[in-house]
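> Take a look at the letters that make up each chain.
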Amino acid sequence: MGIESAFGDGYVTTTVDALANWARKNSVWPMPMGLSCCGIELMAMAGPRFDVSRFGSEVFRFSPRQADLLLVAGTCTYKMSKVVRKIWDQMPDPKWCIAMGACASTGGMFRSYPVAQGIDEFLPVDVYVPGCPPRPDAVIHALMQIQEKINHHSVMMDK
Amino acid sequence: MFEQYIPVLFLIVLACAFGVGSLVVTGFIGPKRPNKIKNSAYESGMEPIGTAHERYSVKYYMVAMLFVVFDVEILFMYPWAVQFRMLGLFAFIEMLIFIGLLFAGYYYIIKKGVLEWE
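Protein sequences, first through last, are from chains A and B.
Reading the first sequence from the start, the letters are residues 1 to 159 in my numbering.
Reading the second sequence from the start, the letters are residues 160 to 277 in my numbering.
Next comes chain B alone, as it looks inside the complex (with noise of 0.2 angstroms):
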C-alpha cells in the first residue's frame, strides 16, 4: 500500500539534505570576515537612529481603531446595497438604526475629544 509513496519519501529527504547540506557547506568553505560595520544594522547606507523597539503615541491606536469599526460599517454596507431592492423598506430602516448608532458613537468620541492631536 505505502510502497508506492517510497519516491515521494526519497524525494522530501534529497530535498532536506539539499537544503541542509548547502548550509553546512557554505558554512566550511565561505569566508567570514565580521567587523562593526558589516554587523550594524542596515538603513540604506544611512546611519542607524535609536532602537528598534520604538514606542508609537497611543493616539494613532485609537485612530486605527475608529478606523476597523467604519471600515466594518462600509463591508456591511456592500451586500445591503447590492440586495437593496429585494431587502425592501424594512432593512433599509435596519440600515438606518445601525448608522445612527456609530453616528452616536462617533459623535461620542469628537466629545471625548479622541481626534484632537495636541
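In isolation and in its complexed conformation, chain A is listed as follows (with noise of 0.2 angstroms):
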C-alpha cells in the first residue's frame, strides 16, 4: 500500500468511512421501547448471561435524543404507535430499527383492529426478529445485522 510504507513503521492509515463506521457500530446505543413481553427477553440481553455490551449496545438510553436504535419490542397498538413514531423521529440520524417479536413484525396472533400489523406500516424496520418472545441471543444476532449493514454505511451518504 502506497502511503503507509513512506510512512513507516509505528503508523496506521485508514477512511473516513472505515474509522466512522467502526465507531458507528461498536456504539450502537439502543432507545428501548418495550411494549409487553418481550420486554423481559430484552432486559436478559442486557444483563450479564447474554451481556449485549460485548457488542458496545448496554447503553440504554431512554431519551431519544442519544440513541441511534430504536428496539421496538412486543405488541404495537394503534394507539400506541404515533408515540413510537414521535419517538422514532425525535432520535438524531443516523438511526436503526430493530422489530423485535412477532407482534411487532407482523401483529402476532392479536390480529385485531387495535393492533398494528406489523410496525412496519409506519416505521422503516432493518431488522425483523422472529419468535414469541425471541431468545435474547436472537436479539444480539439481529444487532450483528445492523452492524453489517453499518459496516456498508457511507458518510458521503449522510449528506
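Please keep in mind that the hints were generated in silico from the structure rather than gathered at the bench.
Keep in mind that the hints are not guaranteed to be accurate.
Claimed, not checked - Derived lysine-lysine pairs resembling BS3-like cross-links, with alpha carbons at most 30 angstroms apart:
id, chain 1, residue 1, chain 2, residue 2
1, B, Lys218, A, Lys149
2, A, Lys149, A, Lys86
3, A, Lys82, B, Lys197
Quick one: dock chain against chain with the hints and give me the complex.
Right, here's the structure in full:
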C-alpha cells in the first residue's frame, strides 16, 4: 500500500468511512421500547448472561436524543403507534430500527382492530426478529445484522 | 521539580483534545436533518402541554417549609434519644420545651388556616 510504506512502522492509515463505521457499529445505543412481554427478553439481553455490552450496545438510552437504535419489543397498538413514530422522529440521524418479536414484526397473534399489523406500517424497519418472544441471542444476532449494515454505510450517504 | 509532572500535563492535553476533537469531527461528518417534530420537546412521545415555566400554588411552599421545620425537630431528637440516659432529666425538660414551642407554632398555623386547601 502506497502511503503506509512511506510512513514506516508505527503509523496506521484509514479512511474516514472505515473509522466512522467502526465507531458507529461498536456504539449502537438502543432506545428500548418494551411494549409487552418481549421487553423481559430485552432486559435479559442487557444482563450479564447474554451481555450485549460485548457489542457496545449496553447503554440503554431513555431519551431519543442519545439513541441510535429503536428497539421495538412487543405488541404495538395503533394508539401507541403515534408515540413510537414520534420517538423515532425525534432520534438524531443516522438511526436504525429493530422489530423484536412476532407482534412487532407482523402483529403476531393479535389479528384485531387495535393492533398494528407490524410496525413497518409506520416505521422503516431494518431487521425483523422472529419468535414469541425471541431469545436474547436472536436479538443480539439482529444487532450484528445492524452492525453489518453500518459497515456498508458511507459518510457521504448522509450528506 | 515539575518535570516529573509533564506526563500528567500531556495526559490532560490528550484527554481534552480527544473530547473537543470528537465533538468537532462529529459536527462535520454527522448528518443533520432538523425538522419540527425532532426539535419539539421530548415528552415520552406524547404531545407537550403548556410551557416548562409552570407556576405552582404557593400552598406547596408553605407545606414544604413546615416539613423542613418538623424534619429538623426529628433530627434534633435523634442524638438526644441516643444519649438520653447520660443527659438525664435536664435534657428531657429542654426537649419538652423545644417540642412545646414547635407545637405552639403548629397550633398557630392551623388557626391561621395554612393547612386548609380550599
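> For the pair we were handed, Lys149 (chain A) and Lys86 (chain A), check the Cα-Cα distance against 30 angstroms.
Answer holds: Lys149 (chain A) to Lys86 (chain A) is near 24 angstroms, not above 30 angstroms.
> Hinted pair, alpha-carbon criterion (30 angstroms max): Lys218 (chain B), Lys149 (chain A). Please report holds or violated.
violated (56 angstroms)
> Is it true that the CA of Lys82 (chain A) sits at most 30 angstroms from the CA of Lys197 (chain B)?
Within the cut-off at roughly 14 angstroms; holds.
Figure legend: structure checked against the earlier numbered hints; the only hint not met is number 1.
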